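As given, the protein sequences belong to chains A and B, one line each in that order. Here the working numbering is used: position 56 in the first sequence is 72, and no number is missing along the way. Here the working numbering is used: position 134 in the second sequence is 174, and no number is missing along the way.
Hint data in this document are derived by calculation from the structure and do not stem from the laboratory. Do not take every clue at face value.
Short, incomplete list of chain B residues facing chain A, as computed with Cβ under 10 Å [claimed, not checked]: (1) Leu46; (2) Ile62; (3) Ala141; (4) His145.
Quick list of simulated restraints, FRET-style, between CB atoms [said to hold, decoys possible]: (5) A/Tyr40 - B/Asp115: 13 to 21 Å; (6) A/Arg37 - B/Ala124: 26 to 34 Å; (7) B/Ala67 - A/Asp199: 32 to 40 Å; (8) A/Lys200 - B/Val102: 30 to 38 Å; (9) B/Val102 - A/Trp53: 16 to 24 Å.
Owing to the predicted nature of the structure, the values given are computational and were not obtained by experimental measurement. Where a beta carbon is used, it is the ideal one built from N, C-alpha and C, also for glycine.
If you want the building blocks of each chain, they are given just below.
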Amino acid sequence: MAKKGKAKGTARGRTQTPNLRLFYGLLALVGVVGIGWIGFSVANQSSANAAIAPIQLTGINTDSLLKQARGVNSGKPEASAQVIVFSDFTCPVCMNYVAMIEPQIRTEFVKTNRIRYTHYDFPLGGEPHRYGFIAARAARCAEDQNAFWEYHDVLFGRQNEWAYAREVPLDIFTDYAGRLNMDKDAFDACLRSDRFADVVTANRVLGERLGVGATPTIFIGGRSYNWSDYDAIKAAIEAELGDTTSQ
Amino acid sequence: MALAALAGVLISGYMLLYKLGIITVLACGTGSCEIVQASPWAVFLGIPVPLLGVAGYGLILVTALIGIQPGRTADRRIALILLAAAAFAFGFSGWLSWLEAVRIHAWCRWCLGSAATATVLFLLALPEIAVLRGGRMVSQR
Numbered sequence: 017m018a019k020k021g022k023a024k025g026t027a028r029g030r031t032q033t034p035n036l037r038l039f040y041g042l043l044a045l046v047g048v049v050g051i052g053w054i055g056f057s058v059a060n061q062s063s064a065n066a067a068i069a070p071i072q073l074t075g076i077n078t079d080s081l082l083k084q085a086r087g088v089n090s091g092k093p094e095a096s097a098q099v100i101v102f103s104d105f106t107c108p109v110c111m112n113y114v115a116m117i118e119p120q121i122r123t124e125f126v127k128t129n130r131i132r133y134t135h136y137d138f139p140l141g142g143e144p145h146r147y148g149f150i151a152a153r154a155a156r157c158a159e160d161q162n163a164f165w166e167y168h169d170v171l172f173g174r175q176n177e178w179a180y181a182r183e184v185p186l187d188i189f190t191d192y193a194g195r196l197n198m199d200k201d202a203f204d205a206c207l208r209s210d211r212f213a214d215v216v217t218a219n220r221v222l223g224e225r226l227g228v229g230a231t232p233t234i235f236i237g238g239r240s241y242n243w244s245d246y247d248a249i250k251a252a253i254e255a256e257l258g259d260t261t262s263q
Numbered sequence: 041m042a043l044a045a046l047a048g049v050l051i052s053g054y055m056l057l058y059k060l061g062i063i064t065v066l067a068c069g070t071g072s073c074e075i076v077q078a079s080p081w082a083v084f085l086g087i088p089v090p091l092l093g094v095a096g097y098g099l100i101l102v103t104a105l106i107g108i109q110p111g112r113t114a115d116r117r118i119a120l121i122l123l124a125a126a127a128f129a130f131g132f133s134g135w136l137s138w139l140e141a142v143r144i145h146a147w148c149r150w151c152l153g154s155a156a157t158a159t160v161l162f163l164l165a166l167p168e169i170a171v172l173r174g175g176r177m178v179s180q181r
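For reference, chain A alone in the conformation it holds in the complex:
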């Protein structure tokens, strides 16, 4: 690009042609603007050391993955019938699932201790799901204080409040912890670290290995089911319970 402006004599100092100097000026301008933008990005981060994206997992094979991936259970721990849900806290469809379908499953099967109901994280990443990973970590920090499901409900119930926030919603998450009478300092310290980044990342990778391509994905007895079809979900659970009771 710069060659069009031929230099005459030596190229140093004032002997450079105006075109070459213009090119250097343009190059410097692009460099300054680019470095300035990157510097602005670094300076305007409010998340400090909080891990807000998946991390590099070492030695990903099936065994190590299963050790690192960990769901959150409710209901009867030893139940042989299990419902597994992969979801993202920023996903509006998941919010609908939690508002409409999950309460029915909880009432009919979880609170009655008939099944084991397990949540796995599947942070989608990218816009508009950029805070899915940190939200999943926040819920894990709540789990540390035995408040995962309460926090889970708050995150989905107030999704519009934080999922599209301009800045990483750390303060909002800590505020929720306070409202649930959790130890805010302990929660905040957990949130602003990389705790549970490995678990959440492993859960996501596990979901990918299981063929999860969207959220929510619901597995019952090794098969996935449409989140909105409660009748099908209920029938599948009852079939599982029927199978197990007949054995």
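Since the structure of chain A is provided, determine the placement of chain B on it from the hints.
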């Protein structure tokens, strides 16, 4: 070429800062930059791919700047470095884009920007073949 290489350095540098943990949020738009960056292919032979990008684009930038100096415009060594580096960048970016499509199933728009930059660099480097053959300098360094 120098301008495109500078853009490549800036893009790779931005991704490298994320990889090093200095930037915690990537301005990724509708892409899935974090997923791509967390994939096993974000490291090549033990070296973070963004670091390779900074080094590669940096090499092209410096070489192109040397190449536009009077007396260097027909330098075959400069032409060889520019052509080889641009061809490698083009091929490597193509392979990374293929991985995003087929293996990772996620797109990182900064990676795509880098791939576009590498493509532009490769096209701009093609006239260097004439220099290698002993012709006059007609390239867009």
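Here's how the hints hold up against the structure:
1. Leu46: Holds - the Cβ of B/Leu46 comes within 10 Å of chain A, reaching about 6 Å at its closest.
2. Ile62: Where the cut-off is 10 Å and the nearest Cβ of chain A is about 6 Å from B/Ile62, the hint holds.
3. Ala141: With a closest approach of 15 Å, the B/Ala141 hint is violated.
4. His145: holds, 8 Å
5. A/Tyr40 - B/Asp115: 13 to 21 Å: holds, 20 Å
6. A/Arg37 - B/Ala124: 26 to 34 Å: holds, 29 Å
7. B/Ala67 - A/Asp199: 32 to 40 Å: The hint (32 to 40 Å, Cβ to Cβ) holds, given that B/Ala67 and A/Asp199 are roughly 34 Å apart.
8. A/Lys200 - B/Val102: 30 to 38 Å: violated, 52 Å
9. B/Val102 - A/Trp53: 16 to 24 Å: Holds: the Cβ-Cβ distance is about 22 Å, inside 16 to 24 Å.
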